[in-house]
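So the protein lines, in turn, are chains A and B.
When we follow the working numbering, the leftmost residue of the first sequence carries the number 7, and every step to the right adds one.
When we follow the working numbering, the leftmost residue of the second sequence carries the number 594, and every step to the right adds one.
Quick caveat, the hints were computed from the structure, so don't treat them as lab data.
Do not take every clue at face value.
[As the list claims (entries may be wrong)] SDA-like cross-link-like pairs, simulated, lysine to any residue; straight-line CA separation at most 20 Å: (1) B:Lys751 <-> A:Ser150; (2) B:Lys660 <-> B:Leu754; (3) B:Lys741 <-> A:Tyr149.
Source: prediction; values computed, not measured.
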Amino acid sequence: MTVTTLPDEPTRRSRDAGAPGRRIPAFLFLPALLGLLFLVLPLIGLLVRTPWGSLSQQLAGTDVTAALRLSLVSASLATLVSLVLGVPLAWVLARIEFPGRRVVRSLVTLPLVMPPVVGGVALLLALGRNGVLGRYLESWFGYSLPFTTAGVVVAEAFVAMPFLVISVEGALRTADARYEEAAATLGASRLTVLRRVTLPLIAPGLAAGTVLCWARALGEFGATITFAGNFPGRTQTMPLAVYLAMEDDPQAAIVLSLILLAVSLIVLVSLRERWTTTP
Amino acid sequence: MTSRQFSTRSGARVTMAVLAAAALAAAAGCSSSSNSTGAASSSSSTSASASSTVSGAVTVFAASSLKAAFTTLGAQFHTANPGATVTFNFGGSATLAQQITAGAPADVFAAASSATMKTVTTASDAVGTPSVFAHNQLEIAVAPGNPKNITSLSDLTKSGLKVVLCAVAQPCGAAAATVVKDAKVSLTPVSLEADVASALTKVELGEADAALVYKTDVQGSGGKVTGVDFPESSDAINTYPIAVLTHAPNSAAATAFVAYVLSAQGQAVLAQDGFAK
């Protein structure tokens, strides 16, 4: 049986190659264009206003290496914490029926709608020196999270973990449970099913959630400055450095912004689309 | 298979036409927008007597240390001039100065240092010479009762003590840097807060053991912190200038408000809150 391709229907190859086989209706094209301009114009503004001539001079006068290193390290650690705690949480929310599941899901996603500064204040009240839990940390171990790099990681994980949980939970819900059932009937233990069937099945959703989590953690400002404070090298991440530079030296702030932008762009662009989208 | 009636070519033409029309409209709108300082831009008499011609909204950008005093002054100004309402934007002076030079719509700027006011005057965003209306000094804020027994700046270097300062770009941070240098003390804070109110909050919450804030902040905290004076604070006295802004939407009322701040009544309120003349 031969299959004929109809003339204006794009072939699978041309669609994968990104050939413009589809025509965009005007009522979608205009908002799409405006949306793109809205998102891209500020970036263009930043590039236009960058003091390209005195770039190295500006960089020399700032704590940029310390801030950048701290930002990258804390965002990665926060993502790690989110993975270790968030994936099991997502699994429980997706697979286990228990009373109050909807309430729990809402609570878990609360940091998403909470203003980050409010999150920072809440963290202080819970984990600060006089906090509900923090006072025990202080009296038993002599350790307190505010003003430490660990505090930065905690603040970033608090705001970023819900992204991961939502993404993974969504992937788990839409994953076909029959594969797992088949593996179970073939004699695989629960751990083997998780490791060899479930995780590979949700890998795109997991990867997308991880990237989103990392990006959110990298850009966090309000919770970090409120909970962990601001000190160069220890708690001053790039967003904090930009904010403070903006107060007396906008040129330096522009340069710092550009660097953070470049780093973020490199990470996002280097992620292959096929790793994060379902085939 | 739906028939596609709009090809991208005609869709693009429509878009271009709309964008061009929008650009023309915007250009026309911009060129005809009046510099809305209005006809009453000539500065009226600087007497603070109640003037029934003063009306409208006045937007005042003021240093966060002025919050209590200026809120009172705003209410009193409204009572004296029922047609006028004063709204405030309190924040770090350096941040506010940047906002003003970036075009934020404000009528008056009251800064906590001449340096931050200079940012505004250099950009020609202030009218005339700013007037000094108050002075302030630093004080060490500690937990109520001073449990850690801090009596001087050098006590702040005791190990295990968590001290917060303001960021150097802000007036309180600049003053703190000066007094610390003059006292020849090597103080390493745990955090450089964005403004003096945040630094005070950290002590109030018990997260920090001490902070270098203004005397007025300690007085205004209502017992939530205890203040410890230190002699070096007179080395860095903050001068508070106030000015009407060039692009003030309501410069008549702005001038009246500044006059009120400088008047006897205004000065009395500031003195009551702990500001020095």
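Lysine 751 (chain B) and serine 150 (chain A): Cα distance at most 20 Å?
holds (18 Å)
Taking only the CA atoms, is the gap from lysine 660 (chain B) to leucine 754 (chain B) under or equal to 20 Å?
violated (29 Å)
For the pair we were handed, lysine 741 (chain B) and tyrosine 149 (chain A), check the Cα-Cα distance against 20 Å.
holds (18 Å)
In summary, the structure is inconsistent with hint 2 from the numbered list given earlier, while agreeing with all the others.
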